[in-house]
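Kindly generate the complete structure, drawing on both the sequences and the hints.
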Amino acid sequence: MSGACSKSIGQMMDERQEMTAKERFFIGIDTGGTYTDAVIIAHDSQKIFGRAKALTTKGDLSIGVKEALTTVMQNLPPEEKSSAIGLVSVSTTLATNAIVEGHGSPVGVLLIGFDRQMAERTGIAKAFPNMPLRLIAGGHDHNGDPVVSLDVTAVEREAELLKGQVSAFAVASAFAVRNPEHEKVVRDIIMRVTGKPVTLSSELTSSLDAPRRALTAVLNARLISRISTLIDAVRLAMEELRISCPLMVVKGDGTLARAENVALKPIETVLSGPAASLVGAKWLSGLADFIMSDIGGTTTDIGILQNGRPRVAEEGAEVGGWRTMVKAIDVTTIGLGGDSEVHLAMDGSMQIGPQRIVPISLIGQRYPEVLAMLEGDLSDTEGGSQHGRFVVAPFGKSGPSDHSGLTAREAEFLALVTDRPKPLRKIAISSGAQRALMSLRKKGLVQLCGFTPSDAAHVLGMQANWSKPAALIAAQLAVRFRDMRLGTPERVEAFCLEVWSETVRLSAKAILNSALGISVDNNTLIENVCAGVPMTGLAAIKISPTIPIVAVGGPARIYYSEVAKRLDCEVVFAEWCEVANAIGAAAGLVALKVTMTVEGDGNGAFRVHGGQGTRIFNSGAEALSFAATAAHDQAETMALGVGAVSPKINIDAKKFFLPDAMDDNGLLKAEITAEAIGRPSPA
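Mapping to my numbering: the sequence shown position 231 is 226, numbers consecutive.
Simulated from the structure, these hints should not be mistaken for lab results. Treat the hints with caution; some may be incorrect.
Stated by the list, open to error - The calculated EDC-like cross-link candidates involving lysine to aspartate or glutamate, where the alpha carbons are at most 16 angstroms apart (straight line), are: (1) K650 <-> D628; (2) K392 <-> D414; (3) K537 <-> E565; (4) K437 <-> E405; (5) K76 <-> E18; (6) K421 <-> E407; (7) K537 <-> D563; (8) K463 <-> E364; (9) K664 <-> D596; (10) K322 <-> E198; (11) K650 <-> E565; (12) K649 <-> D659; (13) K560 <-> E617; (14) K191 <-> E155; (15) K42 <-> E570; (16) K588 <-> D628; (17) K191 <-> E151; (18) K649 <-> E565; (19) K664 <-> D647; (20) K392 <-> D55; (21) K322 <-> D204; (22) K463 <-> E370; (23) K76 <-> E234; (24) K463 <-> E488; (25) K179 <-> E151; (26) K322 <-> E670; (27) K417 <-> E370; (28) K643 <-> E631; (29) K179 <-> D146; (30) K643 <-> E670.
Since this is a predicted model, take the numbers as computed values, not measurements.
Okay, here's the thing in structure tokens:
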């Protein structure tokens, strides 16, 4: 009797312990240009319970997000409910893709204390020719002291004039990182007059380089609505699925931050997708040293992990030819993906990318009437360059289009575009209509559909998730246009192999570019290796990375088995590699850095510069102590504010002394950095 009773009590204790230590689940989501991926991971056991993919619906991101979330939730054990979800974390390539493709919202720029030469050095006018840019009197010197009084009247006037023309504002002031007062006053005025979001350069970086700070602020302001839309979409999907937990976003350095913080600094999500992929690739492969190549629909991102840590571009991430001032992983991003546009020139040459279009196989699978339209193109012998090309509204879009800020021709053309594909040759007839189409495409208001490497892969039997018949007809049209001959089965297969091989060549070239750390353009030997021609004259050529390549992303297996052959190197395809980005989102950490600068003037005065202004001390030791404490406290507060649990704070000091220095009173300059690292807090 007692034994039976004892066993029963023991069982009950085990059950209580199991209930007390009930597993929490983290969901990782990655929203890319083509697909939205989702995974679900057990927080304690680190076991992957399932994955899901859904098309990214740019017209209404919540549709694709909800579909991916709903599907992945079905992988939970039957006894678990949505209340078991402790964290949802999101990575995205939307910001990166927007910069690469030149998309973004209209922005008004106010530069405080800039002269015309400084304004020109920002590169803003060259990058965005029609962007309103105003120079306002004000600004500070390198000590943080005001040089000229802020022209408040001019700020109010410009805010009133621009409020109907722009969606957001970017503000940069000379030496704002030493004293952000003028930037903050300008922000308050703009928000009072317009109610629109304002990006301050001093809140994005602590660098003194005012022109680059200004450009970074502009890029950030252009992205606010795009990232806010994604965050709102995820929150809506969570609400509908009754998921109540913190929402985090992956930043470009691979760390996590609360969504509400990131919404104001979307530039920090530049390279969020590849950063999450690097974290995911490490998690999946277990390797400490490798080259990661993440190939998606729009871009290929290549990063390097050495000694278990990613290379970080301390000077700022470079994307789409622009060097930002946002700390991010050191990654090479090129416009090459499964859905890159295949351009065919009249001379027969081929170019893949950098723009993304919707693959013909995808719209053929999504809209059955496309097959009949393709057949119609095949029977038409005129207008070959437009054959097999369509235009459609962004997936998921509902309701009338917003025509504000459009020219009359653009508005007229946009009214013709619906949620069903239309042949380009029937609505983009004139050169004016074609220019309007390109402008609308750049603004993200329409989608072009055409032949891509994904379509070639369908024809070749390497990919099978969409419509092969649609891809086959589109390939016949492409061959007829390029070769001026009918697309026989042999010619179609040869053409698709050429598209596939060129995608492999560009992928291999990007790998070697990162591995060597130098440009490999116009190098005949390297070009031959990447093209799969390992002989030049009588010499055999071989050049290989010395560490493995971890290939991730949906199309990775299609191209990187051949990359491995051409570069004679190891390529790792880890299980779940297709959703490495979503895994990295779920497995990320919260980490923040705060840097304080101490400057000695050689006469016994020491200035401490930080985000809260400048403090002056008469002792080098006191200045260093104050800087370390302030950096520690700011880093801890910021880490807790973005969702870290009990963050660990590491302090690093770099000191530079005068030649005859005996102690800290001989300090010339010092940089005190506090890094806070912690795991995100599950609900």
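Cross-check of the supplied hints:
no.	hint	in the structure
1	K650 <-> D628	violated, 21 angstroms
2	K392 <-> D414	holds, 7 angstroms
3	K537 <-> E565	holds, 14 angstroms
4	K437 <-> E405	holds, 12 angstroms
5	K76 <-> E18	holds, 11 angstroms
6	K421 <-> E407	holds, 14 angstroms
7	K537 <-> D563	holds, 8 angstroms
8	K463 <-> E364	holds, 14 angstroms
9	K664 <-> D596	holds, 9 angstroms
10	K322 <-> E198	holds, 13 angstroms
11	K650 <-> E565	violated, 43 angstroms
12	K649 <-> D659	holds, 12 angstroms
13	K560 <-> E617	violated, 60 angstroms
14	K191 <-> E155	holds, 12 angstroms
15	K42 <-> E570	holds, 13 angstroms
16	K588 <-> D628	holds, 11 angstroms
17	K191 <-> E151	holds, 14 angstroms
18	K649 <-> E565	violated, 39 angstroms
19	K664 <-> D647	holds, 14 angstroms
20	K392 <-> D55	holds, 6 angstroms
21	K322 <-> D204	holds, 14 angstroms
22	K463 <-> E370	holds, 14 angstroms
23	K76 <-> E234	holds, 14 angstroms
24	K463 <-> E488	holds, 13 angstroms
25	K179 <-> E151	holds, 14 angstroms
26	K322 <-> E670	holds, 13 angstroms
27	K417 <-> E370	holds, 14 angstroms
28	K643 <-> E631	holds, 8 angstroms
29	K179 <-> D146	holds, 13 angstroms
30	K643 <-> E670	holds, 8 angstroms
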